[in-house]
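Protein sequence lines, in the order shown, are assigned to chains A and B.
Everything in the first sequence is counted per our numbering, starting at 1 for the first residue and increasing by one.
Everything in the second sequence is counted per our numbering, starting at 315 for the first residue and increasing by one.
Keep in mind the hints are simulated off the structure, nothing from the lab.
Ideal Cβ positions, reconstructed from N, Cα and C, are used throughout, including at glycine.
Take the hints with a grain of salt, since some may be wrong.
No more than 27 Å apart at the CA atoms, straight line, and that leaves these computed lysine-lysine pairs for DSSO-like [to be verified]: (1) A:137 / A:114; (2) A:137 / A:70; (3) B:316 / A:130; (4) B:453 / A:101; (5) A:114 / B:316; (6) A:217 / A:8; (7) B:316 / A:70; (8) A:299 / A:288; (9) A:217 / A:137; (10) A:299 / A:15; (11) A:243 / A:299; (12) A:66 / A:20.
Label pairs and their in silico Cβ distance ranges [claimed, not checked]: (13) A:171 / B:333: 35 to 43 Å; (14) A:16 / B:562: 42 to 50 Å; (15) A:299 / B:565: 47 to 55 Å.
With the C-beta cut set under 7 Å, the calculated list includes, among others, these residues of chain A facing chain B [what the hints assert, rightly or not]: (16) 9; (17) 55; (18) 85; (19) 93; (20) 102.
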Amino acid sequence: MAAAIETKSLTKTYKLRNGKVNVVDKLDLYVEEGEIFGFLGPNGAGKTTTIKMLLGIIYPTSGEAKVLGKEAGDINTHRIISYLPEKPYYYEYMTGMEILKFYGSLFGINDPAKFQSLLERVNLAGDAGKPISAYSKGMQQRIGLAQSLLNDPRLLFLDEPTGGLDPIAHIEIRDLILQFREEGKTVFISSHALSDVERICDRVAIINKGVIARQGKLDELLRGGRIEVIADQVPADFPAKLKDLKVTSSYNNARLILDIDEEEDVNGVLDSLRSAKAHIVSVIPRRKKLEDLFLETVKNVSEKRTTTMSGAAQ
Amino acid sequence: MKQIWSIAATTLGEAIRRRVLLVILLVGVVFIAIAPGLGVLSARSETTVLRSMLLGIIQMTSAVIAVVLTVYMIPNEIERRTIYTILSKPVQRWQFLLGKYFGAVLSLAVMMALMTGVLCIAYWIQQGYNAQGLQDLLKAPVMFFVQMCLLAAIGLFFSTFVSPLVNFFLSGGLYLLGSTFSLLFQDMLANPNAPGVAKMIATVVNVIVPNFAYYNIQNPIINPQVVIQDEFQNYVKIMAYGVAYIGALLVAGILIFDRREV
Ligand SMILES: Nc1ncnc2c1ncn2[C@@H]1O[C@H](COP(=O)(O)OP(=O)(O)O)[C@@H](O)[C@H]1O
Ligand SMILES: [Mg+2]
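With the rest of the complex left out, here is chain A:
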């Protein structure tokens, strides 16, 4: 598979009154074509800054960024990608239809049938004649998605596409994004809405204070938790044998519930249970919650940051 996005040590430094800050710090991103990629991070992590660099709207301080094989910002690449900015605004006097006509004209597209079908796709056909100023937030976001589909892009950048939407608008947008996957489009979504990401994305990167803390397949990142083992008819002296392992156990009425760290020899534990004539009821790997992974990651980075900063001050 080819790389849709690849960055090497991508860095953006802003000068502030009290010195310089690497808002994006040596970022190595890799997104494959056809993937829905979640770019996760708390507010101010550097997500929007990264996307703007990938689009050539702002320029990196150092490092490289390639989008669909070309230097970021390449005007020919812009024909086959699209961008939905965070909290976008449109020319308010325009109607939904005029918005599509305007953005279409920037691609040299003037195809009323296409505009109509896009409006239908985002469920705005009935409001096509209303000015944008009369649109709700959810409708504005949907017209934004419609304009981002004008050129039938291979790669879409969606910056917080569900930010500030009510639950219904939220689900509408999410369903539209899921359709993109079926069409084989690559989608790069920045978000801090974890439930969306968990449902939509194939791979994620977690960014905090400009640094990527984790990157990988969502399945793999969330795996590596703990394994729950439940067994009946367990002899009363059995729990004591486990005291050297990373295990939490509860024993009650000959039923033993174990929560074993995945790194431990789970099979060994199962063997010894069997040889003790216990009856194994279930063995269930427990996925980490994305929320826990996120909090854990963000906390780790913050701690690291603090130590390097105090180190630099000495």
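Given the structure of chain A, go ahead and fit chain B with the ligands onto it with the hints provided.
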């Protein structure tokens, strides 16, 4: 090309809906409409004064519109983030800037045409139909239009890197300076007795500050006895001057805007 035109048309669409601009335009139109009424009260010999007053109203209103229109042009696009969606399409920054400029020129054309139309009607009512008179009268607004295109280029140039408020004073200041003092500096250059330092300053100002005074041709109307030799050639010359200046400003604006973080 298509992109530049789309952006220009959109800019015009926005401008004719901007309340501030419409209020300024309305004030101008009202003044033009009522001024002849005041003229009736005054002596016949003051018709030329009235005429230059009407032209002065058009000029002033247009200048305020040109500045207010352009100083917000780029900062507003960035603040409302409308520029991001546009630059993520196959649109180069120079195309965007040119689109904005032509949009400003179109908006000025529409608004100045409206004022000039009202002026013609006012003139007609007062003087009766007089083809030669109308033609003479219309020369001034045409020259003002070139002047405003130049002023708009200044406003847009500064809007690529300064805030609207600062830009308002910069563009407005340059306009006043170029309208009033340029001739003074040119006199100084022509004067063999002027001190060297003064001449140097005069040369610099003369190059940097566009000579807006070239386009203020209402003076010959006030003093019809002053005949400019070869009028047509003079118009071509000052138009070429304006176009060259606008071109230089746009190129400089594009160079700055290309490197600008938005
Ligand atoms: N032009 C700028 N000048 C200085 N700091 C900036 C600029 N743009 C963004 N920042 C800072 O960079 C950080 C990251 O911003 P951003 O990329 O918008 O974060 P996110 O999109 O993840 O919420 C923030 O702390 C923000 O204040
Ligand atoms: Mg952001």
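Practice task
If any of the earlier hints don't hold here, list their numbers in rising order.
Solution key: 2, 4, 9, 11, 14, 16
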